[in-house]
Every structure is written in C-alpha cells, then in structure tokens.
Amino acid sequence: MSQDSTLQLAGLIKGNEAALVDELITAMRNKLMRFDKASESEIRQQTAQLLKLLELNIPKTTTHNLNDSIWAETKQLLTEFSHARVKQGYTPAETASIIFSLKEPIFKLLRASLTDQPQQLVEELATTTALFDSLGLYTIDVFQKAREMVISRQQQELLELSTPVVQLWQNVLALPLIGTLDSARTQVVMENLLQKIVETGALIAIIDITGVPTVDTLVAQHLLKTIAAARLMGADCIISGIRPQIAQTIVHLGVNLEDVITKATLADAFVIALKKTGASITNSAA
Amino acid sequence: MERIPILRMGSLLLVTIQVDMHDRLAMTLQEDLTDRIVKDRAKGVLIDISALDIVDSFIGRMISNTAAMAKILDAKTVVVGMQPAVAITLVELGLALEGVSTALNVERGIAMLAQRE
Numbered sequence: 001m002s003q004d005s006t007l008q009l010a011g012l013i014k015g016n017e018a019a020l021v022d023e024l025i026t027a028m029r030n031k032l033m034r035f036d037k038a039s040e041s042e043i044r045q046q047t048a049q050l051l052k053l054l055e056l057n058i059p060k061t062t063t064h065n066l067n068d069s070i071w072a073e074t075k076q077l078l079t080e081f082s083h084a085r086v087k088q089g090y091t092p093a094e095t096a097s098i099i100f101s102l103k104e105p106i107f108k109l110l111r112a113s114l115t116d117q118p119q120q121l122v123e124e125l126a127t128t129t130a131l132f133d134s135l136g137l138y139t140i141d142v143f144q145k146a147r148e149m150v151i152s153r154q155q156q157e158l159l160e161l162s163t164p165v166v167q168l169w170q171n172v173l174a175l176p177l178i179g180t181l182d183s184a185r186t187q188v189v190m191e192n193l194l195q196k197i198v199e200t201g202a203l204i205a206i207i208d209i210t211g212v213p214t215v216d217t218l219v220a221q222h223l224l225k226t227i228a229a230a231r232l233m234g235a236d237c238i239i240s241g242i243r244p245q246i247a248q249t250i251v252h253l254g255v256n257l258e259d260v261i262t263k264a265t266l267a268d269a270f271v272i273a274l275k276k277t278g279a280s281i282t283n284s285a286a
Numbered sequence: 001m002e003r004i005p006i007l008r009m010g011s012l013l014l015v016t017i018q019v020d021m022h023d024r025l026a027m028t029l030q031e032d033l034t035d036r037i038v039k040d041r042a043k044g045v046l047i048d049i050s051a052l053d054i055v056d057s058f059i060g061r062m063i064s065n066t067a068a069m070a071k072i073l074d075a076k077t078v079v080v081g082m083q084p085a086v087a088i089t090l091v092e093l094g095l096a097l098e099g100v101s102t103a104l105n106v107e108r109g110i111a112m113l114a115q116r117e
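For the record, the sequence lines run as chains E and Z.
Position 68 of the first sequence, counting from 1, maps to 68 under the working numbering, and the rest follow consecutively.
Position 77 of the second sequence, counting from 1, maps to 77 under the working numbering, and the rest follow consecutively.
Since the hints were made in silico from the structure, they are not lab data.
Built from N, CA and C at the ideal position, the CB exists for glycine as well.
Any given hint could turn out to be false.
[Claimed, not checked] Straight-line distance between alpha carbons at most 25 Å, and here's what the computed DMTMM-like set of lysine to aspartate or glutamate pairs gives:
1) Lys225(E) to Asp48(Z)
2) Lys196(E) to Glu98(Z)
3) Lys196(E) to Asp53(Z)
4) Lys196(E) to Glu107(Z)
5) Lys76(Z) to Glu258(E)
6) Lys71(Z) to Asp259(E)
7) Lys276(E) to Glu98(Z)
8) Lys75(E) to Glu17(E)
9) Lys225(E) to Asp53(Z)
10) Lys225(E) to Glu98(Z)
11) Lys276(E) to Asp48(Z)
12) Lys225(E) to Asp56(Z)
13) Lys225(E) to Glu92(Z)
14) Lys71(Z) to Glu258(E)
15) Lys76(Z) to Asp236(E)
16) Lys196(E) to Glu92(Z)
17) Lys263(E) to Glu98(Z)
18) Lys196(E) to Asp48(Z)
19) Lys71(Z) to Asp236(E)
20) Lys275(E) to Glu107(Z)
21) Lys276(E) to Glu107(Z)
22) Lys43(Z) to Asp236(E)
23) Lys87(E) to Glu40(E)
[Stated by the list, open to error] Derived contacts from chain Z toward chain E, CB cut-off under 7 Å, selection only:
24) Met82
25) Pro84
26) Ala87
27) Ile88
28) Val91
29) Ala96
30) Thr102
31) Ala103
32) Leu104
Just chain E, with the same shape it has in the complex:
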C-alpha cells in the first residue's frame, strides 16, 4: 500500500462524514434488533468522532497495526464505545457490526471517486478493509474484556456475600451455607469457620445446608474436609438442614457421613449443641 492510497481514503472521509454516518444509521436500522432514538444519537455522535480521528490519523501512518501509538486515541474511543454497548446489552457481534457497517458506504465513495483507476481502487479497498477489520476486532476484544470484568466482580461479590459464620450461643457457631459448594468457596468457608473458631473458642459448629440445592460426591467431600479441619481445631461439627431428597442422594452415592452428627433441622442441631456444651434452655412460663 502506498502513502497516496491512504491519503485518498482520509480525503474521502473528510467532507463526507455526515453522509457516511447517515448511511451507517440506515444500515443499522435493518440490522440491529433494538435500535431506538437514544442509541441512534449516541451512535451518530460516536461514529462521527471515530471518522474524525480516522481522518486525522490515516495520513500519519502506512501501517494499520493498532498497537502503534498513533492509534491510542482511536482505541480509547472504541473502548468507550464498546463499554457503552456492554451496558446497553448489545451482543459482541452487534457491536462489531456497527464498525463493519462503515465499510460499505466508504467502499461506495471509493468506487465513485476511483472509477477510472481500477488499480488504485483495488489497493484502497484492501487497505480500508484491513483497517476496519482491525478496528472491529479491537471492539470485540474490548467488549469481551468488559464482560469478563463484570463476571469476575460478581464472582467476588458472591464469594463475600455467601459465607457468613454466626455465633448462636456461647461456644456454638452456625454456618448457613447457601448455593453450590465448589472448591474455591469451600476454601473461603473453611478459612472463615476456622478463624471464627479461634476468635470465639467455639466447641460446636453447626453447618446448615438448607440452602445447598444439590449434594453430589464433590460437595460431600468438601463438607467432610471442612468438618475434618474444624475437628483438628478442637470443634465438633453438626450438619443440619438435610432435606429428604438430599438424604436419599447421599445414601445412593455411598457417601459416608457416619462419623458426623446429622440433624434434619437447625433447631434440632442447636438442642444437641447446647446439650454438648452443658447449657440448657428452660421455659419459664411453664
């Protein structure tokens, strides 16, 4: 590709921004599922900005490698553009297609201005395609990264949310588990429980699995590990909140819970815990 050909592209964009954006919007109306006034004006504004930057930057370079510092500003714009789409719930394909849809109207302009120079037209088309492809792909990249960030943040929040250890009574702790137990969560649960045992000097920990939807061999193994670790710290564990289906599953899977005290409800487990710690509750009204 020659310096001339890229200059030609920049020159073409200049002066035709409005027409390009209009054509893009028309194309978008047919392609995108949701396309309202708000996103239309936003896309208009952002694509106009993008075209401005392209106009400025295309003449400065012959490479369309986006790692070049010349493209930093363009990349910044695309990042914002992509993040806005993530928030609005666009798919990555829809987001990238906005960029790719700019190609068609630009090709039209090129064809119109270079009808008599087929050689240069081919070169221009190749350059433009390469440039817009890398811009579009960059958008997808950023889009994906933004999504992953959201997912990992939510995972972190979930991890923090779902592992409280509460003190029910002197020497008695309760650990209400909610949701599926995977290895990462087990680790956090275990650490929290052991830490709390040290802090409170608890003798009994009640692990309530009412909120655990399914118990498979892995979950059971994680439970047993937690119980073993608590025992090493001198605290006994009681498992409570076992639903009938879960009892059936545990037996069918052949999981050995024989060394562990199990109770159907947290209340039952609490009574046992009080008995073991030597405390008792009497009803003063009776």
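Please build the complex by placing chain Z on the supplied structure of chain E, with the hints as guidance.
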C-alpha cells in the same frame, strides 16, 4: 543437640513445640515422649502446636503415630492449639488425624483429659 522439652503436670505430660519441626527433631521427640510416658506413668499427653505454622505430611504422620504409641502405653493424647492454616493443610494432605483428640487451647485440652480420668 536440640530437644523439645517435655513438662510434667501431675499425671499429664505437656509438650510445647516452639521451634520449626524438622524430621530428626520429630523422631527424637517421639522417642523421648514414649520414654517419659513409661517413666512417669503418665495418663495423658498434651501436644501444644500453637507456635507451629508449617506442617508437612511427615510431621502430620508423626503426630498421628505418637498418639497411637501413647495409646498403647495407656495415655490419651490431645493435640491443642492448631492454627487454621495448619488444619487446612493437614486436611488437604489427607491427614485428618483420625483417632487423635484435639482441643482449641491447653486449658480445654487439660479439661478434656481430666474428664477422662
């Protein structure tokens, strides 16, 4: 040579591990402790590992073996003061110290042994 002290408290023996356990030290402790159980006719052994923050499978097995030996000599072993990180490590290593009693601190351990007498 470095040795871990074994203190006598009535019919109990108290072993406080304050230094990093290495294998040689662990073996020496095992010998000393079995000797002392017989000599002092001890009924209980407290092993305080609150200062221990690193364990490996060898030390884990050593504790478990020591408890088994003490049991043959009619002394009950209680391991006390285990750190959370140590407990997690032992469980991950598959050494849940079955057959060894545990307590949160020395006080609880003594109470546990007193109950047995």
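May I ask which of the numbered hints given earlier this structure violates, with the numbers listed in increasing order? none
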